[in-house]
Amino acid sequence: MLWDALTLQLGYNATLVAIGATLLGISAGVTGTFLFLRKRALVSDAISHATLPGVCIGFMLLVALGGDGRNLLGLLAGSAASAWVGLLCMNWLTRHTRLAEDAAIGAVLSVFFGFGIVLLTVIQTMGVGRQAGLEGFLLGSTAGMLWTDALIIALGGAATLLLVMIIRRPMTMVAFDPEYAAAQGLPVHRIDLAMMGLVMAVTVVGLKIVGLILIVALLIIPPVTARFWSQRSERVVLLAGLAGGLAGYLGAALSASAPNLPTGPIIVLVSFGFFALSLLFAPVRGVLAAVLRHLRFQRRVHIRQGLLALAQGQQIYEPLTLRLLRRSGLVRADGVATDTGKARAAKALRDEKRWEVVRSDLAHEATAALYDGLRDIETVLTRDQIAEIDRQIGGPQGVPA
Amino acid sequence: MLSLAAHQGVSIAEQNTEDRPLAIRGLTVSYGQKPAVFSVDMTVQPGAMTAIIGPNGAGKSTLLKAALGIVKPLSGQVSVFGAPLEKQRARIAYVPQRASVDWDFPTRVIDVVLMGLSRQLGLLGRIRGRHMARAMECLNRVGMHDFANRQIGQLSGGQQQRVFLARALAQDADLYLLDEPFAGVDAATEKAIIGVLKSLKQDGKTVVVVHHDLATVTDYFDHVFLINTRKVAEGPVADAFTAETLQSAYGGRLATAQIDQISRALG
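The listed protein sequences correspond, in order, to chains A and B.
If you're matching positions, the first sequence starts at 1 in our numbering and goes up one per residue.
If you're matching positions, the second sequence starts at 1 in our numbering and goes up one per residue.
Quick caveat, the hints were computed from the structure, so don't treat them as lab data.
Hints are not guaranteed to be accurate.
[Said to hold, decoys possible] Capping the alpha-carbon separation at 27 Å, the derived lysine-lysine pairs in DSS-like fashion look like this: (1) K201(B) - K87(B); (2) K72(B) - K39(A); (3) K191(B) - K353(A); (4) K342(A) - K353(A); (5) K72(B) - K87(B); (6) K191(B) - K201(B).
The shape of chain A in the complex, shown without the other chains (with noise of 0.2 Å):
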């Protein structure tokens, strides 16, 4: 059954919805970076709560109008018409008042998101049956999904993913360094409002799939995993979109194997799966990483001190450092030094001057941003260099480089 759902073969609702959600994820993970970057990813939440009057307003005027309630396009345009109201409300208290940023979006969120509840309870009392599933847009909805449905959310997504490449040397420069981007005469805010336009585009698209409640998992989660995973803003961009994108299409396969399981909330909690799998096992910023890392300085330390002490006669009292120099084969058991013990306490005492020389001078400086007390020589210098070095510390020769 889920490999029927993974290959696309479980019919016709299912393959669209499994299309549309994967585009979601890469245009939501990609957008989502740069807001990640700025440091403004709660901003997202407010911009989708802001949608709801709109999805409900351009439901009323469409059945006003005499149209059919449900037209996408039309319910879409509303959430975008409120996104974007509630965006420069947000905009301008942060700007023109004293208010925090964080205060502008609990404000902005709150007030437009229950104006919002109102409208809809109003809806449901103007005539049963017609109200059409709006709260849909609550927590997405997929399973009355249209051929026309996915082809909004596909367009949607390519082209919000187009304008986020166009513009993402700016938003990146001014994610990093606000003040130089506006002395180089790019405006600064013009284009935070585009990136939170394009946020909100992205959050538009994505009502009908995981609605605006959840769509703000998609636009954070994928740039904190990704940002476990590189060191680089262009390949976060990237990494985030390929986890945003495979979220939504695995999320999207996994809600169809199964009768009942709503598609937003398994891909959020598909995207969670990847994030938390990043957060443990990521090479470098992952938490196992970093234990291991702590665990093999901690017993580099002790190894380098109680060579130091060695080679300088002095007693060891750490236990640690006596279970680890004995268990290298450094001491006997009665702590006494054994000859490769006595040849590298000779030679750590020999780095130490080496590693002196190399930090009082300016020309071997990359050098010795590496010092930590802990590091061999010969691997951050060549045979020449330690020669040199050897040079002028004189004192006796032959000790191994």
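Dock chain B against the given chain A, drawing on the hints supplied.
Below, chain B without anything else, positioned relative to chain A:
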């Protein structure tokens, strides 16, 4: 004596401010109700190295930011090489305070320097070999070429400052504005930065630096601009950097011993 120096500054300025690298007239900037900079005139001489000096909170950085259009002034005009600021963006390079950015941002040293080429690259221009070569050359000038591929978070404070300077160099501008480039950096960095600034001056570029270390003013700079919300003095170091102007700019905040020391240094 004090007013004389100030007046001289203005009269020189008024002769031909047209083509000056930076000419500021009647600039007032306020955060809220209290002006940070009040009705300040400033004329930067071409090819000079000018220090902007004043106590903490005197509006030094604000003056620089207003000159760059980063903060919006309440009143006043800024002209750069005789034209409005917006027309001359390509000719100005800015080095902000190091603490103004998040150094955990996912980017490498070389990427930061490439940001200095963004005007040249345009919106969609591809980064080509010659751009990389240019960025490396600028890193080389500040002694940071070995760090090109390092993550910026791994740098020391002084190294971060030099990367910012390299980014400004990449712009190949005519006017360089630096905000406290010597604050909290190591001696090696200070030496590297002043070396680069002096070589810029030799190439006929104009350099303006917000500076906090009074002891090095006479060594590093040929012009000073003293500010304490209002302009206190402006001109060549010998004329405008005196015990009187310092007393006036810093008020009681500068110990008499410090002023004496500087007076002696000035002869």
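Just to be careful, I want the Cα atoms of K201(B) and K87(B) compared with a cutoff of 27 Å; is the pair within it? Between K201(B) and K87(B) the Cα gap is close to 23 Å, so the pair holds against 27 Å.
Starting from K191(B), check that the Cα of K201(B) is at most 27 Å away, please. holds (15 Å)
Between K342(A) and K353(A), does the CA-CA distance stay at or below 27 Å? Holds, because 17 Å separates the two Cα atoms, which is no more than 27 Å.
Would the hint linking K72(B) and K39(A) be met if the CA-CA limit is 27 Å? Roughly 24 Å separates the two Cα atoms, so the pair holds.
Within a Cα-Cα threshold of 27 Å, do K72(B) and K87(B) meet the stated pairing? Satisfied, since the Cα-Cα distance of roughly 17 Å is no more than 27 Å.
Satisfaction of hint between K353(A) and K191(B), Cα-Cα up to 27 Å: holds (26 Å)
The structure is consistent with each of the numbered hints, conforming to all of them.
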